[in-house]
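Visitor: Next come the chains, spelled out residue by residue.
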Amino acid sequence: DTGVSQDPRHKITKRGQNVTFRCDPISEHNRLYWYRQTLGQGPEFLTYFQNEAQLEKSRLLSDRFSAERPKGSFSTLEIQRTEQGDSAMYLCASSSGTGVTNEKLFFGSGTQLSVL
Amino acid sequence: GNSVTQMEGPVTLSEEAFLTINCTYTATGYPSLFWYVQYPGEGLQLLLKATKADDKGSNKGFEATYRKETTSFHLEKGSVQVSDSAVYFCALSPVHASGGSYIPTFGRGTSLIVHP
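Sequence lines, in order, name chains A and B. Just so we're aligned, residue 1 is where the first sequence starts under the working numbering, counting upward by one. Just so we're aligned, residue 117 is where the second sequence starts under the working numbering, counting upward by one.
These are calculated hints, taken from the structure and not from any lab test. Remember, predicted model here, so these are calculated numbers, not experimental data. Please note that a few of the clues may not be correct.
As the list claims (entries may be wrong) - List of simulated lysine-lysine pairs, DSSO-like, C-alpha gap at most 30 Å:
no., chain 1, residue 1, chain 2, residue 2
1, B, Lys193, A, Lys104
2, B, Lys165, A, Lys104
3, A, Lys104, B, Lys176
4, B, Lys168, A, Lys57
5, A, Lys104, B, Lys168
6, A, Lys57, B, Lys165
7, B, Lys184, A, Lys104
8, A, Lys104, B, Lys172
To be verified - Residues of chain A clear of chain B, computed beta-carbon distances all greater than 12 Å:
no., residue
9, Val4
10, Ile12
11, Thr13
12, Gly85
What the hints assert, rightly or not - One-sided and incomplete, this derived list gives chain A residues near chain B with beta-carbon spacing under 10 Å:
no., residue
13, Gln6
14, Gln37
15, Glu56
16, Phe65
17, Ala88
18, Ala93
19, Lys104
20, Leu105
21, Gly108
Even for Gly, the Cβ is constructed at its ideal location relative to N, Cα and C.
If we strip away everything but chain A, and leave its shape as in the complex, we get:
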């Protein structure tokens, strides 16, 4: 069990640029979540995958955000035309939940995005 890994750890970009983050979940986990966390706040849900299917997206997620999870393994989160308000820690989590219950989430250390 190598844990959830995220890459890069830090990303500094200029406003208007596109950025892409990667998440590698724990290998046997079928569920993958993206959250966003700003200073002094808790994780805010962005989107969720079960295997390769994207099952839920937050209404807060603008059209500039897109996420994929090809083959149900790693996932990428892309932000197009970044804005200063996108500056945050982007967290990935995975779980092996089944049926109607939700097991605990395993979090990565996050990608800190700074938009200048």
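Chain A is fixed; fit chain B onto it per the hints.
Guide: Quick look at chain B alone, frame taken from chain A:
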């Protein structure tokens, strides 16, 4: 909708003091309740959980009891240590018999600082 409310921090204590961090929730259905902890520079990790009313979750000397009548899940520890300094997040995960979202919802976090 689902929400979690935590007491504001930081909570500052001396070593061996008693700790309480309050958490109340609003949810439809019968949620599972969690406490996650985030140590400096690390990802969130599960501290304890409870899945039904009157259940008590415990781990590393921390405890929390699922109180459905008061919709609360307060975190307690009898004697804190400097190494407990971290940010603590209360979270809920709805459990549905069929359909419905079970995306975990987090509180804003409470910072704990323990002085020697």
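Visitor: With reference to the structure, classify each hint as holding or not holding.
Guide: For each hint, the structure was consulted:
1. Straight-line distance between C-alpha atoms of Lys193 (chain B) and Lys104 (chain A) comes to about 21 Å, which keeps the hinted pair within the 30 Å bound.
2. As the CA atoms of Lys165 (chain B) and Lys104 (chain A) are separated by approximately 8 Å, the hinted pair is consistent with the 30 Å bound.
3. Restraint check for Lys104 (chain A) and Lys176 (chain B): satisfied, since their Cα atoms lie roughly 17 Å apart, inside the 30 Å limit.
4. Between Lys168 (chain B) and Lys57 (chain A) the CA atoms are separated by roughly 27 Å; this keeps the pair inside 30 Å, and the hint holds.
5. Note on Lys104 (chain A) and Lys168 (chain B): the hinted pairing holds, with a Cα-Cα distance of about 15 Å set against a maximum of 30 Å.
6. The hinted pair formed by Lys57 (chain A) and Lys165 (chain B) meets the criterion: a straight-line CA distance of about 25 Å does not exceed 30 Å.
7. The suggested pairing of Lys184 (chain B) with Lys104 (chain A) holds, with an alpha-carbon distance near 20 Å, which does not exceed 30 Å.
8. Only pairs whose Cα atoms come within 30 Å are accepted, and Lys104 (chain A) paired with Lys172 (chain B) is accepted, the gap being roughly 16 Å.
9. Against the 12 Å criterion, Val4 (chain A) falls within the reach of chain B, whose nearest CB is about 7 Å from its own CB.
10. Consistency note on Ile12 (chain A): stated as away from chain B, and its beta-carbon is indeed over 12 Å from all of that chain's, at 18 Å minimum.
11. Remark: the non-interface label on Thr13 (chain A) is consistent with the geometry, its nearest Cβ contact in chain B lying 22 Å away (cut-off 12 Å).
12. Taking the minimum C-beta to C-beta distance to chain B, about 18 Å, the non-interface status of Gly85 (chain A) holds against the 12 Å cut.
13. A distance limit of 10 Å between C-beta atoms decides the matter here; for Gln6 (chain A) the minimum to chain B is near 8 Å, and the interface restraint holds.
14. The interface hint given for Gln37 (chain A) is met, as the beta carbon of that residue sits about 9 Å from the closest beta carbon of chain B, less than 10 Å.
15. Using the Cβ-Cβ criterion of 10 Å, the hint placing Glu56 (chain A) at the interface with chain B is satisfied: the shortest such distance is roughly 6 Å.
16. Interface restraint check: Phe65 (chain A) against chain B, minimum CB-CB distance 16 Å, threshold 10 Å, status violated.
17. The beta carbon of Ala88 (chain A) is not positioned within 10 Å of any beta carbon in chain B (closest approach about 14 Å), and the interface hint is therefore violated.
18. Interface restraint check for Ala93 (chain A): the shortest CB-CB distance to chain B comes to about 8 Å, inside 10 Å, so the restraint holds.
19. Here the hint on Lys104 (chain A) is kept, as its CB sits about 4 Å from the closest CB of chain B, short of 10 Å.
20. Taking 10 Å as the C-beta cut-off, the interface hint given for Leu105 (chain A) holds, the closest approach to chain B being about 6 Å.
21. With its C-beta approaching chain B no nearer than about 5 Å, Gly108 (chain A) sits inside the 10 Å limit, and its interface hint holds.
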